[in-house]
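From first to last, the protein sequence lines are chains A and B. Per the numbering used here, the very first residue in the first sequence carries number 290; after that it's consecutive. Per the numbering used here, the very first residue in the second sequence carries number 290; after that it's consecutive.
You may find that some hints are simply not true.
No copy is singled out in the list; a pair is fine if it fits within one copy or between any two copies.
[What the hints assert, rightly or not] Computed list of lysine to aspartate or glutamate pairs in EDC-like fashion (alpha-carbon distance at most 20 Å, straight line):
hint, residue 1, residue 2
1, 303, 347
2, 458, 476
3, 481, 443
4, 377, 487
5, 419, 430
If you're looking for bench data, these hints aren't it; they were derived computationally from the structure.
2 protein chains.
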Amino acid sequence: MDQMAHIKPVAPEKAYRLMNLGATCLVAAEKDGDADIMAAGWNDCLDLVPCKATVVIDKSHYTRRLMDETDYFAIQLPTAAIADVTMKLGSISKNDDPQKLEKSGAKLFKLPGTDIPMVEGCACWLLFRKLGEEAMAKTYDLFLGELVQAWADDRVFQDGHWLFETAPKDMAVLFYVAGGHFYRIGEPLDVKGYDHLD
Amino acid sequence: MDQMAHIKPVAPEKAYRLMNLGATCLVAAEKDGDADIMAAGWNDCLDLVPCKATVVIDKSHYTRRLMDETDYFAIQLPTAAIADVTMKLGSISKNDDPQKLEKSGAKLFKLPGTDIPMVEGCACWLLFRKLGEEAMAKTYDLFLGELVQAWADDRVFQDGHWLFETAPKDMAVLFYVAGGHFYRIGEPLDVKGYDHLD
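Same shape as in the complex, but just chain A (with noise of 0.2 Å):
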């Protein structure tokens, strides 16, 4: 895949409809050259613009200590195409396997301005800094960011709107619910008269 050339920055007004659905996510830190990407299924929007999210990180995750001394995090859409990855992601912690992200088969790249690796194969990727409650972390493992910059792949989502229906079928984004089973994002479902919404 090479979808270099098809990663466009996000209007920062529109990008709360990347985080909109919901979708299963990596969640990426770094420090000091020290990174971890690691799937979750808990993120969501807080808010419409800026935008903000939140996100669930486990306090027995090795991508958890990275977010905790460090001030920013991306969040990633991934694919169908990379739904095995995600799983591994997912799976195997870095506390168990320092290789873990080499022998994952995620493919990295960076974006402007973040250190934070970055997953090729996924639909959209957005860079947040945290907003510091950490009473939020300490109890609930609840992350809450303001997005700093966000980027999308333009096949699948161009000036302000997701293109699943036109988009190659491999660029679908992902549901999880447990055990390896995942649903793909579907058809579409328009009720009529709300245009002025968008």
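Based on these hints, arrange chain B on the given structure of chain A.
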């Protein structure tokens, strides 16, 4: 739709799978016989067992006042069959029209142990007790709840598993983007080797 015979309690240890998808929901609250229901895109799972969840409800909504003043709220996942009702519940405020619920076309019913109105045509219904994090509600409009009881339609969720593959097509849950535009939940995608996590 004669759904009542299909509504079954969900085992507490599997209820998080209802929230896992991050699908668009209806949030309902009730105080002294006054109830409201609104569509909300931003809800998520917060913990496995007991299941906890988050939902974002802006201060402008009538539902919000009810949620501020009571200890319980319900999260329900509307299906494609009631997408139009979902849009009405999400775009008309009871602040503007006290007859909002009656005019929305929502068919309401009650479940044991709560006076919060539930909506026919949902895939599942979850009753939460607020966790009392008032600062989060005040600052971010974010409510945290712990599950009291969950129910699901056994045509679409049974023995802890979603059955979108075999359920009637209009029982698909929905993911809202903007402007009346949803996506349905789509096809399953299974990554082999993770059955032990099911």
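Looking at the structure, which of the earlier hints fail to hold?
Violated hint: only 3; rest satisfied.
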